[in-house]
Amino acid sequence: MSSILKSFALLSDATRVRLLALLRQEELSVAELQEILALGQSNISAQLARLKEAGLVNDRRSGKNRLYKLESPRPKEMENHAHLLALLDAAAQELREAKRDQTALKLVRRKRQDTAKTYFDALAGKFGRQYVPGRSWKGLGEMLMHLVPQVVIADLGAGEGTLSQMLAPHAKQVIAVDNSEQMVAYGSKLAKEHGYTNLDYRLGDIESPPIKESTVDIAIFSQALHHAQKPENALAAAHRMLKSGGRIVILDLLKHSFEKARVLYADVWLGFSEVEMHEMLEHAGFKQIEVRIVDREAKSPNFQTVLAVAVK
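When we follow numbering that gives the first Met the number 0, the leftmost residue of the sequence shown carries the number 0, and every step to the right adds one.
Since the hints were derived computationally from the structure, they do not count as laboratory data. Even for Gly, the Cβ is constructed at its ideal location relative to N, Cα and C.
For each label pair, taking beta carbons as the anchor points, the in silico distance ranges come out as:
1) Thr214 with Gln181: 22 to 28 Å
2) Ala13 with Pro300: 30 to 36 Å
3) Ala89 with Gly244: 37 to 43 Å
4) Gln228 with Ser71: 48 to 54 Å
Make a model of the complete structure from these sequences and hints.
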């Protein structure tokens with residue numbers, strides 16, 4: 000009876016419920032738990048110490064990290080353990096943060112498995128530092144543009160349309176949308192000068208773009224989403240304009256604290272966390288969501304770029 004009462008006491012705290020629900024599924028470090036729960040290190044460490052003292056959590060050393068997981072019960076404790084898990088499930092269902100934790104856990108798992116990302120991060124750090132004849136970002140970009148299929152692409156928040164101009168020679172049609180009359184006029188002039196008859200500039204807001212439903216194959220937000228008053232509305236609009244099986248591609252800033260960006264660059268949002276991006280796409284109705292950090296600037300304030308792709 001005392002063990003059951005102790006379980007009730009431990010599960011009376013939301014943070015401990017969230018920790019146990021996560022450690023039941025995955026062995027995690029304090030740093031990973033910080034990332035998932037968005038809580039301070041001292042708070043998490045204190046709660047883990049209490050759970051470990053109660054015999055509900057154990058830990059082991061792995062390199063520089065200490066990994067925590069839910070303690071496996073001994074045979075004589077199986078019944079009490081089953082009661083604990085049932086109580087844990089019921090408590091977790093009452094917490095709205097628990098669903099968010101599951102999304103964040105998926106991202107942590109993906110980071111662990113993404114060995115290719117580690118390789119390319121190292122490669123990106125060296126690219127351009129050492130001269131190699133014929134190798135350049137421009138050449139690489141031109142090569143990749145030739146892989147663009149003959150589809151209809153919407154460049155949302157296109158500005159003067161640099162990306163649209165690059166896509167136009169290869170795509171079936173490119174629709175560039177921006178809310179600045181000057182940007183649209185300038186982009187239209189460039190398209191005419193270059194003879195891009197399949198590049199259509201349209202004046203409009205990315206939250207309600209002038210594009211018909213189910214007419215686009217790929218919707219792109221390239222450093223545009225953080226300018227939206229309501230990013231979720233922009234993503235919902237993109238979902239409507241896409242055909243079934245169509246894709247959305249987002250390049251934006253990872254969440255940061257450089258407040259001057261609001262004045263210097265007219266940013267409405269100071270970027271988005273990976274979890275926020277994943278949740279917004281999910282709420283908009285997208286599937287097969289992938290979110291990852293793809294770049295980090297060397298100079299202060301060290302902006303990081305997050306890439307998100309998903310399917311309608």
